[in-house]
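Line order of the protein sequences matches chains Z and V. When we follow the working numbering, the leftmost residue of the first sequence carries the number 1, and every step to the right adds one. When we follow the working numbering, the leftmost residue of the second sequence carries the number 1, and every step to the right adds one.
Any given hint could turn out to be false.
Interface residues of chain V toward chain Z, partial, derived using beta-carbon atoms under 10 Å [as the list claims (entries may be wrong)]:
id : residue
1  : Pro-8
2  : Lys-250
3  : Pro-259
4  : Leu-398
Only pairs whose alpha carbons sit at most 25 Å apart, straight line, appear in this in silico DSS-like list of lysine-lysine [to be verified]:
id : chain 1 : residue 1 : chain 2 : residue 2
5  : Z       : Lys-47    : V       : Lys-20
6  : Z       : Lys-88    : Z       : Lys-149
7  : Z       : Lys-47    : Z       : Lys-20
8  : V       : Lys-394   : Z       : Lys-46
9  : V       : Lys-46    : Z       : Lys-47
10 : V       : Lys-20    : V       : Lys-374
11 : V       : Lys-374   : V       : Lys-149
12 : Z       : Lys-156   : Z       : Lys-374
13 : Z       : Lys-46    : V       : Lys-46
In case anyone wonders, no lab produced these hints; they're calculated from the structure. Source: prediction; values computed, not measured. Virtual Cβ for every residue (Gly too), placed ideally from N, Cα, C.
Number of protein chains: 2
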Amino acid sequence: MARRSSEPPISWLMRLALEKPGLISLAVGFTDNETLPVGEVAALAKKILSRRDTARAALQYGTTAGLPDLRHELLKRWQRQDGTRPNKISAEDVVVTNGSQQLLYLVSEVLCDPGDVVLVEDPTYFVYLGIVEAMGIRTAGFDGLESLKARLQALKNARRMARVKMVYLVTYFQNPTGRTWSLEQKREALAVLKHYERAAGHPIYILEDAAYRDLRFAGRDVPSFKSLDPRNERVAYTNTLTKPFATGLKLGYGILPPPLRRAVLRSKGNHDFGSSNFLQTLLARALAGGQYDRHLPEIAAAYRRKRDAMVHALDGSFPRPARYQSPQGGLYVWVELDAGTKTGAGSRLFRRALNAGVLYVPGEMCYCADPARKAPRHCMRLSFGAPTVAQIKKGIRLLADALG
Amino acid sequence: MARRSSEPPISWLMRLALEKPGLISLAVGFTDNETLPVGEVAALAKKILSRRDTARAALQYGTTAGLPDLRHELLKRWQRQDGTRPNKISAEDVVVTNGSQQLLYLVSEVLCDPGDVVLVEDPTYFVYLGIVEAMGIRTAGFDGLESLKARLQALKNARRMARVKMVYLVTYFQNPTGRTWSLEQKREALAVLKHYERAAGHPIYILEDAAYRDLRFAGRDVPSFKSLDPRNERVAYTNTLTKPFATGLKLGYGILPPPLRRAVLRSKGNHDFGSSNFLQTLLARALAGGQYDRHLPEIAAAYRRKRDAMVHALDGSFPRPARYQSPQGGLYVWVELDAGTKTGAGSRLFRRALNAGVLYVPGEMCYCADPARKAPRHCMRLSFGAPTVAQIKKGIRLLADALG
Chain Z
1 MARRSSEPPI SWLMRLALEK PGLISLAVGF TDNETLPVGE VAALAKKILS RRDTARAALQ
61 YGTTAGLPDL RHELLKRWQR QDGTRPNKIS AEDVVVTNGS QQLLYLVSEV LCDPGDVVLV
121 EDPTYFVYLG IVEAMGIRTA GFDGLESLKA RLQALKNARR MARVKMVYLV TYFQNPTGRT
181 WSLEQKREAL AVLKHYERAA GHPIYILEDA AYRDLRFAGR DVPSFKSLDP RNERVAYTNT
241 LTKPFATGLK LGYGILPPPL RRAVLRSKGN HDFGSSNFLQ TLLARALAGG QYDRHLPEIA
301 AAYRRKRDAM VHALDGSFPR PARYQSPQGG LYVWVELDAG TKTGAGSRLF RRALNAGVLY
361 VPGEMCYCAD PARKAPRHCM RLSFGAPTVA QIKKGIRLLA DALG
Chain V
1 MARRSSEPPI SWLMRLALEK PGLISLAVGF TDNETLPVGE VAALAKKILS RRDTARAALQ
61 YGTTAGLPDL RHELLKRWQR QDGTRPNKIS AEDVVVTNGS QQLLYLVSEV LCDPGDVVLV
121 EDPTYFVYLG IVEAMGIRTA GFDGLESLKA RLQALKNARR MARVKMVYLV TYFQNPTGRT
181 WSLEQKREAL AVLKHYERAA GHPIYILEDA AYRDLRFAGR DVPSFKSLDP RNERVAYTNT
241 LTKPFATGLK LGYGILPPPL RRAVLRSKGN HDFGSSNFLQ TLLARALAGG QYDRHLPEIA
301 AAYRRKRDAM VHALDGSFPR PARYQSPQGG LYVWVELDAG TKTGAGSRLF RRALNAGVLY
361 VPGEMCYCAD PARKAPRHCM RLSFGAPTVA QIKKGIRLLA DALG
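If we strip away everything but chain Z, and leave its shape as in the complex, we get (with noise of 0.2 Å):
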């Protein structure tokens, strides 16, 4: 794996940030310093520290799946945000990991062989595109539902489709176009990879990625994935609970298929037999006793106004005809600039990007590596997490002139 895996772009930008300090990353999905909720966790760490018992069963060793209470919590929630309970899915299936990306890497360990096909959004989250590579992985990317349909029957064309396992999807804000999927959506995408599974000879999971979902600042929630599998026979969904609260408490979590689930509890119990106990007990009081949902407003606002200045400093000074939308949630903003100016890290502009003291992620490190699709190079991923509203006014201040 060592030879068979580059260096992560994100190792390489958090570096070049290092290396600058003064630099205006808009590059790192961090998130915002500001509101993140330090009177609520001093209280939750004093409460479970002060009493005996208490203190001594969250600094005690748990099981592998997760702390009960917490499990039990994260499925009544998902269950309102839903507005589902079905009878086959219970707290039984939920697994607590280390960040939503722990259930990303398990899943893909468990299910795929090297030389497996997994389905990706073409552009998609670069560092599920790491852990493919590392893991030997064929990706297929798609953009949109005609796509996915026409890479799945060129597959069976192909003769491939007993390859092919899972299809990896952002539902919600995707990293890194900000992109929603609407319930309309997912349901004639279930409908596709049903279709196909005849050729394949065995189930084509869904992983779905809601680590974004919480991160709404405009519009409504939609129902997941999740909610049109009521059996719980295809859909594994994967959320983060500490990305909308504190990421430095670091835990995710997923909703999981009986044999999906039961095979990634094997490989956890390998890689940590558990999460930690303490950073779970913490969690699981924040979501019983509401400090979690109640933050959730805050850091929206939040958001909303990293996303105006954001967005408004994009119309007042990049040139034409560079296209971006405005999220409703997440963290991106998504630049298409036009077809001639490259965005790469060895392109003119990031060097100039850099020198002048700003950092955006080039688009192209977002694409899959699919011999079938040709990756565009003059996009960029803008991130309004980190920064300050004057460091994002900045920051595209810098990068228009850069362009200019």
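Assemble the complex: chain Z is given as a structure, and chain V must be docked to it using the hints.
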């Protein structure tokens, strides 16, 4: 991997324990509950969370390798323990993980392909055997230096040295036997490996699992394998931070040769891109402020009492010719019964013990799947970590009855 992996013995044992409340578990290697540093952790958490700047830093993302302050403290601690400060080993070489378990996983994953060979002590830590099984790695077992030499020579004769990547060793109060490697044995083992590297054509690494090093309650510490590798070329030293402090905080670390470190960091970037920054901040302060080291004598006294209780109970009630040694640290007593008494999960003894209300780890779970060796079936691993002195006394009496 799902199909390749069997249910880890630990999950099965934990389920047995959960299903039978009141059961005395001498099986699972949990730690003492009474001596958990509740007051210390409460004070540290309060200090971090009561100032906005330190709180925000702790509640944000960190880097994949870990908090610089913590890595620095860990390097200093290792230098102090081993009495050496080689120039070639710096805080840069320290990687922080979710318990030392994650590092055992990462090192094995980046270094080994399916079909590669890892040499392991026989018996060894059974969760490590779960890792190699899942990864399709083969094991060659050995007990003692002569046996290590013989296995390497046999692999060389069979022209299989090119597949030998690593030796995995629990070097302090081994799990399950309680044995500690002497410095002289370590020196000799390194020379043996050096000799066979020529036939391998690549480095043969030592994965040194020092998880029980800080759980010593008698005798003097021994320098690590790592102390014999001042150029940082061959030994991956791993240790837990939380087994001797509070397992619910779940952190471990390694000191790795640069090529391994770089590969491990890439993979850790895919697994979870870094362990909880809050937990790291807490442990960094516990090390820097001395709370960590001041806690060690307290747990040493508790484990010494428990070890005494277990060994005295065995002396007083176990039938000859049962053989066991009184360990100077760690959590385990390894018992060899007469060769005719089977201890396995399907044995009469295991069932009788379970019915009477006491659980142990059947020794055969700790032996690797090596066709060249035959696992003894008359041993058991008894843990004195979690049960109270009263439970230990009663548990051993129940076991003795089941034997009688």
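Checked hints:
1. Pro-8: 4 Å, holds
2. Lys-250: With a closest approach of 4 Å, the Lys-250 (chain V) hint holds.
3. Pro-259: Holds, because the Cβ-Cβ distance from Pro-259 (chain V) to chain Z comes to roughly 8 Å (cut-off 10 Å).
4. Leu-398: Since the shortest Cβ distance to chain Z is 24 Å, the answer is violated.
5. Z:Lys-47 with V:Lys-20: 31 Å, violated
6. Z:Lys-88 with Z:Lys-149: 29 Å, violated
7. Z:Lys-47 with Z:Lys-20: 41 Å, violated
8. V:Lys-394 with Z:Lys-46: Since the Cα atoms of Lys-394 (chain V) and Lys-46 (chain Z) sit roughly 37 Å apart, the hinted pair is violated (cutoff 25 Å).
9. V:Lys-46 with Z:Lys-47: 11 Å, holds
10. V:Lys-20 with V:Lys-374: Violated, at about 33 Å.
11. V:Lys-374 with V:Lys-149: It holds: about 18 Å lies between the C-alpha atoms, which stays within 25 Å.
12. Z:Lys-156 with Z:Lys-374: 21 Å, holds
13. Z:Lys-46 with V:Lys-46: 7 Å, holds
Going down the numbered hints, you'll see the structure goes against 4, 5, 6, 7, 8 and 10, while the others check out.
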